[in-house]
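*Asks:* Protein chains in written order, with our numbering: chain A, 22 to 204; chain B, -10 to 116.
These aren't lab readings, by the way, just hints derived from the structure by calculation.
Just so you know, even glycine gets a beta-carbon here, dropped at the ideal spot from N, CA and C.
Treat the hints loosely; a few may be bogus.
[To be verified] Chain B stretches covered by chain A per the calculated footprint, using a threshold of three residues with CB under 8 Å from any CB of chain A: (1) 33 to 43; (2) 93 to 105.
[What the hints assert, rightly or not] Counterexamples of contact, computed for chain A against chain B with all Cβ distances above 10 Å: (3) Glu100; (4) Gly156; (5) Asp158.
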Amino acid sequence: MIEDLAMHLADLVENSLRAGARHISVALRRQGDWLEMEVGDDGCGVLDHDLPRIVDPFYTTKPRATIGLGLPLLAQTAEETGGTCSIERRGGGGMRVVASWGWAHPDRPPLGDIVGTLVPLIATSPEVEFTVELGDDQGTWRLCTGEVRERLGEIPLTHPDVLRFLEGALREGMDVAGMKEGE
Amino acid sequence: MKLDELRKIRERAEAELRLRGGASRIKIVVGMGTSGIAAGARQTLQAILDEVTRRDLRDVVVTQTGEKGLAAQEPIVEVHEPTRITIYGEVDEGVARRIVAEHVVNGRPLSEHVMESREVQGGQPPH
Chain A
22 MIEDLAMHLA
32 DLVENSLRAG
42 ARHISVALRR
52 QGDWLEMEVG
62 DDGCGVLDHD
72 LPRIVDPFYT
82 TKPRATIGLG
92 LPLLAQTAEE
102 TGGTCSIERR
112 GGGGMRVVAS
122 WGWAHPDRPP
132 LGDIVGTLVP
142 LIATSPEVEF
152 TVELGDDQGT
162 WRLCTGEVRE
172 RLGEIPLTHP
182 DVLRFLEGAL
192 REGMDVAGMK
202 EGE
Chain B
-10 MKLDELRKIR
0 ERAEAELRLR
10 GGASRIKIVV
20 GMGTSGIAAG
30 ARQTLQAILD
40 EVTRRDLRDV
50 VVTQTGEKGL
60 AAQEPIVEVH
70 EPTRITIYGE
80 VDEGVARRIV
90 AEHVVNGRPL
100 SEHVMESREV
110 QGGQPPH
């Protein structure tokens, strides 16, 4: 069962990876009374006739799976806090999912371990470029794995020193955005 | 965040590479398809990366892959060495940590969790 927003984020990023995305953008923004999560990709997307059905909990395109609770549950938790969830195809291919929650709403799930969830997905996907944006009304912090890889050459992102760097960098970004784990 | 730190990490890592004379010794691949994730592959992957960091394993690469077609035995973890590939099944967090400690570090596969082990012809480097 998905219990926090980090798990929803993992679910969305894994959808993008399964769709064969080569670029995945992840954003978490605190704007006024709202928390917004956005995941965009350039993967194979969803066919037109499937789009209205992907928030149906009994619909899935995954082989061998019988139900796909990820997106329906995301939409439900967002709407329970007065927020919204939109799922759309991007112009150049791929998908974009944006969900928002009332930050102070008692039914908003906690953030969970956003850093501990994102770093393994980013570090173990050598073919995929990630852009992570964390921000609030004051400003935005950004990490592009392309810039990281450019500086690392052939050294993999799962090198222990790089993993520590990524964790430290993302924690710094969460601080900049005024988001604390467990909040 | 100082991206310049990465240059130093690269210099150190490349010096280590030169010292040990080449590519990474071992690649660990975690099956992160739908059934793997449902069976706990996220925790498995996190545990492996945590051990890699904690033990400072600089000659190991970790990647993920999609469905392995072995849903009943998920989470699946493969350990690729230059001359052998070992496939583990039902790798929960605890088993994942043991695979790193016993197989990757000490070279002793966990026989009770091995589903398949095969020689690799030609000694392909893992990375």
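*Asks:* Looking back at the hints listed earlier, which ones does the structure fail to meet?
*Replies:* 2
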